[in-house]
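So you can see what is in the structure, the chains are spelled out below.
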Amino acid sequence: MTLITRILSKIGSATVDAVWTLGTASVFIFRVLSRSAIVLRRPRLLVAEMHFAGVLSLVIIIVSGLFVGLVLGLQGYETLKRYGSTGAVGTLVALSLVRELGPVVSALLFASRAGSAITAEIGIMKTTEQLSAMEMMAVDPHARVVAPMFWGGFLSMPLLAAIFSAMGIIGGYLITVVVIGVDSGAFWSQMQASVDFHHDILNGVIKSIVFGAAVSSIAVYEGYASVPTAEGVSRAVTRTVVTSALAVLALDFVLTAFMFTGVH
Amino acid sequence: MIKKTDLLQLSSINFAYGQTQIFADLNVGFEAGKVTAIMGGSGSGKTTILKLIGGQVSPQQGHVAWGDRAINQMKHNELYSYRKSLGMLFQFGALFTDLNVFENVAFPLREQTALPESAIKDLVLMKLHAVGLRGAQKLMPAELSGGMARRVALARAIALDPSLMLYDEPFTGLDPISTAITGNLIRTLNDALGITSVFVTHDIKASFKVADEVILLSRGTVTARGTPSELLDSRDPLVRQFVQGEVDGPVPFHVHSEAYRDDLKLESEERNW
Amino acid sequence: MDRSMVDLWVGLFVAVGIGALLFLALKAGNVDSIIKSEGYSVSAEFDNIGGLKAKAPVKSAGVIVGRVSSVNFSNQSLRAVVKLDLNKRFQFPKDSSASILTAGLLGDQFVGIDPGGSLENLVAGDRLRITQSAIVLEKVIGQFLYGKMSETNSD
Numbered sequence: 001m002t003l004i005t006r007i008l009s010k011i012g013s014a015t016v017d018a019v020w021t022l023g024t025a026s027v028f029i030f031r032v033l034s035r036s037a038i039v040l041r042r043p044r045l046l047v048a049e050m051h052f053a054g055v056l057s058l059v060i061i062i063v064s065g066l067f068v069g070l071v072l073g074l075q076g077y078e079t080l081k082r083y084g085s086t087g088a089v090g091t092l093v094a095l096s097l098v099r100e101l102g103p104v105v106s107a108l109l110f111a112s113r114a115g116s117a118i119t120a121e122i123g124i125m126k127t128t129e130q131l132s133a134m135e136m137m138a139v140d141p142h143a144r145v146v147a148p149m150f151w152g153g154f155l156s157m158p159l160l161a162a163i164f165s166a167m168g169i170i171g172g173y174l175i176t177v178v179v180i181g182v183d184s185g186a187f188w189s190q191m192q193a194s195v196d197f198h199h200d201i202l203n204g205v206i207k208s209i210v211f212g213a214a215v216s217s218i219a220v221y222e223g224y225a226s227v228p229t230a231e232g233v234s235r236a237v238t239r240t241v242v243t244s245a246l247a248v249l250a251l252d253f254v255l256t257a258f259m260f261t262g263v264h
Numbered sequence: 265m266i267k268k269t270d271l272l273q274l275s276s277i278n279f280a281y282g283q284t285q286i287f288a289d290l291n292v293g294f295e296a297g298k299v300t301a302i303m304g305g306s307g308s309g310k311t312t313i314l315k316l317i318g319g320q321v322s323p324q325q326g327h328v329a330w331g332d333r334a335i336n337q338m339k340h341n342e343l344y345s346y347r348k349s350l351g352m353l354f355q356f357g358a359l360f361t362d363l364n365v366f367e368n369v370a371f372p373l374r375e376q377t378a379l380p381e382s383a384i385k386d387l388v389l390m391k392l393h394a395v396g397l398r399g400a401q402k403l404m405p406a407e408l409s410g411g412m413a414r415r416v417a418l419a420r421a422i423a424l425d426p427s428l429m430l431y432d433e434p435f436t437g438l439d440p441i442s443t444a445i446t447g448n449l450i451r452t453l454n455d456a457l458g459i460t461s462v463f464v465t466h467d468i469k470a471s472f473k474v475a476d477e478v479i480l481l482s483r484g485t486v487t488a489r490g491t492p493s494e495l496l497d498s499r500d501p502l503v504r505q506f507v508q509g510e511v512d513g514p515v516p517f518h519v520h521s522e523a524y525r526d527d528l529k530l531e532s533e534e535r536n537w
Numbered sequence: 538m539d540r541s542m543v544d545l546w547v548g549l550f551v552a553v554g555i556g557a558l559l560f561l562a563l564k565a566g567n568v569d570s571i572i573k574s575e576g577y578s579v580s581a582e583f584d585n586i587g588g589l590k591a592k593a594p595v596k597s598a599g600v601i602v603g604r605v606s607s608v609n610f611s612n613q614s615l616r617a618v619v620k621l622d623l624n625k626r627f628q629f630p631k632d633s634s635a636s637i638l639t640a641g642l643l644g645d646q647f648v649g650i651d652p653g654g655s656l657e658n659l660v661a662g663d664r665l666r667i668t669q670s671a672i673v674l675e676k677v678i679g680q681f682l683y684g685k686m687s688e689t690n691s692d
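Chains as they are written, first to last, in our numbering: chain Y, 1 to 264; chain C, 265 to 537; chain L, 538 to 692.
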């Protein structure tokens with residue numbers, strides 16, 4: 001076989017594999033969703049998973065949000081200073097955070113903090129036969145274990161993204177208004193004049209909801225489909241983080257193209 | 265090897281994992297009220313039998329019947345309601361690592377019943393007492409020895425008073441005392457609760473002491489079946505090899521391979537000399 | 538961790554999350570845009586709208602009084618048709634004029650309304666008759682150069 005045909009056949013089989021996995025994952029997620037009534041019946045399960053996915057991600061989200069805001073404020077100020085419009089720094093910080101950085105960066109952090117933990121937890125439960133044991137006790141692990149984890153992650157994501165954006169704006173305010181001395185009134189009023197609730201904030205929230213669904217789906221699927229060995233689980237965790245990051249960035253491009261461009 | 269009166273019947277089972285054939289035309293039945301041991305070398309499909317009975321895998325051909333119901337044709341809900349009458353002990357216990365001993369045993373009760381907390385507490389303590397671990401109720405699974413973990417898992421498996429108990433390698437990795445305790449528990453639980461027990465093992469000494477009947481699996485089908493004493497007296501070379509634990513015999517030591525000479529390429533080297 | 542502690546933390550998390558959303562909506566965004574205030578729609582035709590887009594503000598005397606809801610091209614008049622959503626609180630005489638202006642030299646374009654003198658007010662569905670198109674920078678520069686050239690020619 002020549003090199004070219006070998007490369008082509010590699011690409012071909014990788015594509016078939018990817019489509020196959022996508023199909024299996026979709027069936028799995030559909031099964032989990034169709035057995036999600038337990039989340040409403042026993043909200044305590046959901047609360048526990050929101051603690052696992054949301055509360056435990058708070059520190060990294062708050063700290064990162066603050067730092068991203070500080071950097072945005074500083075960079076924005078330095079750039080806008082040349083045009084003498086430093087009052088617009090609030091607009092710059094708020095729009096970048098609400099539209100893009102808030103949903104995207106918090107989704108990436110969420111994937112590496114909570115997504116990996118979800119995959120590891122499900123993978124280890126599978127490896128130690130806890131999921132099998134549940135099945136044999138006539139308890140469906142799709143409903144009892146996976147569904148609360150999925151919904152916990154799904155519901156936490158938009159809240160985390162909002163906290164990230166809010167912290168970022170506060171960070172931008174701290175560095176430009178408090179430290180550098182940009183006029184506080186200009187900072188807020190210019191921001192308010194250009195940040196639209198429907199167009200910017202709502203679209204940002206929609207993005208974070210989509211990212212939450214994507215990352216949670218990938219995390220629970222990779223955990224459930226992991227090879228039940230120590231190595232298998234560690235590979236699954238890596239795949240969760242990598243696939244989530246790619247999915248978030250690709251989805252962000254598609255959503256941005258729909259939301260913020262073209263004729264309104 | 266199936267009697268009409270058998271509680272559990274596996275008839276003409278063909279089963280394969282991908283390309284690997286596990287069972288070819290397997291026929292085996294389990295009598296109600298008896299303790300049956302399934303034995304065989306590694307990879308002979310012992311654990312797969314338990315998975316077939318539990319409905320976790322389905323055979324490509326054949327039937328797994330529980331009374332007059334076919335397990336392998338059950339719908340999701342039907343299968344789950346059937347499983348409520350099963351108890352299964354996993355090889356390493358499979359305790360829920362984030363719950364303590366008490367909560368592990370309470371888990372099936374909380375999931376499957378609407379009992380008040382006081383009743384759950386009574387039941388859990390009763391089950392833990394039956395396996396001699398009432399004093400360990402506050403411990404986490406990580407703090408238990410292998411033998412204790414398995415006894416907790418046993419208490420959890422009998423929490424819902426099953427009518428069929430399945431044990432996957434109950435003696436693996438246990439010291440002689442724990443092995444004796446576990447074997448004794450299997451026997452007494454079976455007789456005291458009037459249930460049917462099936463266990464899978466390759467521990468000959470322990471299983472011959474506990475079981476009413478022993479089934480020997482080899483090459484995807486049943487090669488011998490009988491009471492422990494019948495198997496001990498058997499003249500079948502395969503049974504003898506297994507029971508005596510001989511290295512070579514009908515079950516060859518070597519995996520099927522090319523001639524050793526060819527693998528080492530002795531001929532070509534000879535020619536070079 | 539104790540169960541009630543988990544509940545407390547999750548409750549706190551949800552509260553902070555919703556608080557952050559409210560902060561974004563009320564402090565970072567403009568409150569007016571959340572409540573879709575009752576408004577009325579009027580239209581205006583322009584020869585050239587320049588870079589005007591939907592959602593651009595409509596201002597009168599510098600105060601935002603509404604937003605551009607859509608921008609279209611009319612096959613009959615062969616001009617641009619701009620629909621304006623005006624806030625009900627603001628009333629304008631029927632003979633008011635609309636012009637397309639630019640915020641600063643390179644800023645976004647918006648619609649400005651200059652009130653007329655009529656006693657009757659605009660109602661929903663009305664059309665602003667007097668309009669002034671956007672100033673297109675290229676044209677201005679072109680005219681300026683043309684003027685300069687004719688000046689030098691006449692000298």
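Be aware that a few hints might be false.
Within a straight-line C-alpha distance of at most 35 Å, the following computed DSBU-like cross-link-like pairs (lysine-lysine) qualify [as the list claims (entries may be wrong)]:
no., chain 1, residue 1, chain 2, residue 2
1, Y, 81, L, 676
2, Y, 81, L, 564
3, Y, 81, L, 625
Pair ranges (Cβ atoms, derived) [to be verified]:
no., chain 1, residue 1, chain 2, residue 2, range
4, Y, 17, C, 320, 20 to 28 Å
5, Y, 16, C, 331, 27 to 35 Å
6, Y, 34, C, 379, 53 to 61 Å
These are calculated hints, taken from the structure and not from any lab test.
Beta carbons are placed, not taken as given, at the ideal position from N, Cα and C, and that holds for glycine.
Each hint, compared with the structure:
{"no.": "1", "hint": "Y/81 / L/676", "in the structure": "holds, 31 Å"}
{"no.": "2", "hint": "Y/81 / L/564", "in the structure": "holds, 24 Å"}
{"no.": "3", "hint": "Y/81 / L/625", "in the structure": "violated, 39 Å"}
{"no.": "4", "hint": "Y/17 / C/320: 20 to 28 Å", "in the structure": "holds, 26 Å"}
{"no.": "5", "hint": "Y/16 / C/331: 27 to 35 Å", "in the structure": "violated, 44 Å"}
{"no.": "6", "hint": "Y/34 / C/379: 53 to 61 Å", "in the structure": "violated, 28 Å"}
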